[in-house]
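Asks: Listed in order, the protein sequences are those of chains C and Y.
Number 45 in the working numbering belongs to position 7 of the first sequence; there are no gaps in the numbering.
Number 79 in the working numbering belongs to position 41 of the second sequence; there are no gaps in the numbering.
By construction, these hints were calculated from the structure, which means they are not laboratory data.
Hints are not guaranteed to be accurate.
Identical copies look the same in the list; a pair holds intra-copy or inter-copy alike.
Below, in silico cross-link-like pairs of lysine-lysine (DSS-like), each with a Cα-Cα straight-line distance of 30 Å or less [as the list claims (entries may be wrong)]:
(1) K297 with K116
(2) K123 with K103
(3) K255 with K112
(4) K297 with K226
(5) K61 with K112
Protein chains: 2
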Amino acid sequence: MSLVVIGSVAFDAIETPFGKTDKIVGGAATYASLAASYFYDKVKIVAVVGDDFPTEEIADLNKHKINTEGLQVKQGEKSFFWAGKYHNDMNSRDTLVTDLNVLADFDPIIPASYQDCEFLMLGNLTPQVQQTVISRIKKRPKLIVLDTMNFWMDIALDDLLKTISMIDVLTINDAEARQLSGEYSLVKAARKILTMGPAYLIIKKGEHGALLFHEDKIFAAPALPLAEVFDPTGAGDTFAGGFIGYMAKVGTVNFNNMKNAIIFGSALASFCVEKFGTEKIRNLTQQEIASRVQEFVSLSRFEL
Amino acid sequence: MSLVVIGSVAFDAIETPFGKTDKIVGGAATYASLAASYFYDKVKIVAVVGDDFPTEEIADLNKHKINTEGLQVKQGEKSFFWAGKYHNDMNSRDTLVTDLNVLADFDPIIPASYQDCEFLMLGNLTPQVQQTVISRIKKRPKLIVLDTMNFWMDIALDDLLKTISMIDVLTINDAEARQLSGEYSLVKAARKILTMGPAYLIIKKGEHGALLFHEDKIFAAPALPLAEVFDPTGAGDTFAGGFIGYMAKVGTVNFNNMKNAIIFGSALASFCVEKFGTEKIRNLTQQEIASRVQEFVSLSRFEL
Numbered sequence: 039m040s041l042v043v044i045g046s047v048a049f050d051a052i053e054t055p056f057g058k059t060d061k062i063v064g065g066a067a068t069y070a071s072l073a074a075s076y077f078y079d080k081v082k083i084v085a086v087v088g089d090d091f092p093t094e095e096i097a098d099l100n101k102h103k104i105n106t107e108g109l110q111v112k113q114g115e116k117s118f119f120w121a122g123k124y125h126n127d128m129n130s131r132d133t134l135v136t137d138l139n140v141l142a143d144f145d146p147i148i149p150a151s152y153q154d155c156e157f158l159m160l161g162n163l164t165p166q167v168q169q170t171v172i173s174r175i176k177k178r179p180k181l182i183v184l185d186t187m188n189f190w191m192d193i194a195l196d197d198l199l200k201t202i203s204m205i206d207v208l209t210i211n212d213a214e215a216r217q218l219s220g221e222y223s224l225v226k227a228a229r230k231i232l233t234m235g236p237a238y239l240i241i242k243k244g245e246h247g248a249l250l251f252h253e254d255k256i257f258a259a260p261a262l263p264l265a266e267v268f269d270p271t272g273a274g275d276t277f278a279g280g281f282i283g284y285m286a287k288v289g290t291v292n293f294n295n296m297k298n299a300i301i302f303g304s305a306l307a308s309f310c311v312e313k314f315g316t317e318k319i320r321n322l323t324q325q326e327i328a329s330r331v332q333e334f335v336s337l338s339r340f341e342l
Numbered sequence: 039m040s041l042v043v044i045g046s047v048a049f050d051a052i053e054t055p056f057g058k059t060d061k062i063v064g065g066a067a068t069y070a071s072l073a074a075s076y077f078y079d080k081v082k083i084v085a086v087v088g089d090d091f092p093t094e095e096i097a098d099l100n101k102h103k104i105n106t107e108g109l110q111v112k113q114g115e116k117s118f119f120w121a122g123k124y125h126n127d128m129n130s131r132d133t134l135v136t137d138l139n140v141l142a143d144f145d146p147i148i149p150a151s152y153q154d155c156e157f158l159m160l161g162n163l164t165p166q167v168q169q170t171v172i173s174r175i176k177k178r179p180k181l182i183v184l185d186t187m188n189f190w191m192d193i194a195l196d197d198l199l200k201t202i203s204m205i206d207v208l209t210i211n212d213a214e215a216r217q218l219s220g221e222y223s224l225v226k227a228a229r230k231i232l233t234m235g236p237a238y239l240i241i242k243k244g245e246h247g248a249l250l251f252h253e254d255k256i257f258a259a260p261a262l263p264l265a266e267v268f269d270p271t272g273a274g275d276t277f278a279g280g281f282i283g284y285m286a287k288v289g290t291v292n293f294n295n296m297k298n299a300i301i302f303g304s305a306l307a308s309f310c311v312e313k314f315g316t317e318k319i320r321n322l323t324q325q326e327i328a329s330r331v332q333e334f335v336s337l338s339r340f341e342l
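All chains should be built: construct the whole structure from the sequences, respecting the hints.
Replies: The following block contains the structure:
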């Protein structure tokens, strides 16, 4: 039994109101697998990098017990590179550079040892590649979580809708939920999206927390109010990774477990934004995570 | 013992993406006193209207057991009139018309029968008038709640800061908290504002709920996700009225009671936005309020 994470493993250059980085390691699969690794020790990655990707970075993933057999290294090619600049509200950003490089013709390889996949995290990528991964895993996983973004709604909506029809949990932000559904009200947006395939919808609202929709039930998770948000990059991927990592740990798919998974995912995401890139989520202790989760409890509990 | 509410009693004309009204009855004190009246039966209003204000509207406040002895009716003058148009996100709006009329030289009269005031709600008004009310209540109330807005920060900051130094609870929205403190992070903003006088700060975030700050504690209340938000006008005043009405009912000022007061205030506000103006909050039952509050419990509760 394992948790397979597919997504980019890449370089980012990030500018926020608080600072700027050179090329640092990023990518949806990097963030998500690191986050998941704190809950589950059979995390396996499917991704592609160029020969410019530092081997010590791969070794660091392995130190987190992340299996990188499915991480292809393309000789003579370059890794995906993204550069972006955040606005003051930290909820919106401009993309400055997107060099697809190895991602342009990414053909995901699912090693035989990954066929025990029970939990599948489809990180943000071309919907077509996400579909390919689903089709190449022979036994339908118990839970498929899909993360995507407005970019694919703009240029590959039909592919995206097909992929969405094949999954269990969709995670998008509020603007994307509105775009995908054509509904302004998030309740109406959720109702529509839940008819497109997924039984669960998570709407991520950055500093405002997240909403989980399932049938007629809604759960609102707060975000931890933070004094410093250095860099929101990867927060969504970290959230998704923590979410599915927790689900893999508990093993049973239901609304109550998902509520907790959202809290654990949010806790991981709250660490992620405290430093640039993956720096903070590479070196967490279980004690730190447990006490961060307790902050979410104190933050939201009231006794009538 | 009583709860005194000061603020505008006025006419509004409202345009939202979902519709448009003619002149309807509004005003901070109208919304706040109606909301408070569901929790406490000694609500007393201090306000001013012109002779254009319908007497049946005043009678309707009295039907809610709201004492209107402090509501001055100025013969030959017109009531305050505000017209506004909401943007698509319903969290921001443009003011189209502000006719101060009777508010221009409002000299608040505190009837002798109001001197038993224990809970004082200073609805959005000139900070100078809010100060006058504080000075005219002889015994310092147990709890003073102040609602204000960016407008007074722009044109009367010194007066506003003085008023803020005299109160216990400040309620503003997130943009206003940032403006008042000069800090982008709401945590840092709150830390600064809590040095300005109030022991409690409530930051209202519209569809994203509210945050309560006190010493080093934070409580995050969700907003109820609604399928239809017809009109956000008065939601903040309704929230504040429900909040202080609940505090007056329980009588003891502490963080835990304030958490619950925020949930009750949010519940009232969630009704308010379902119809234009005060329509919905004029005709609520205790049963409706109790079941709405239970929705907040289901929405936010998780069991680790």
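Asks: Hint by hint, which ones does this structure get wrong, listed from lowest number up?
Replies: Structure breaks hints 1, 2 and 3.
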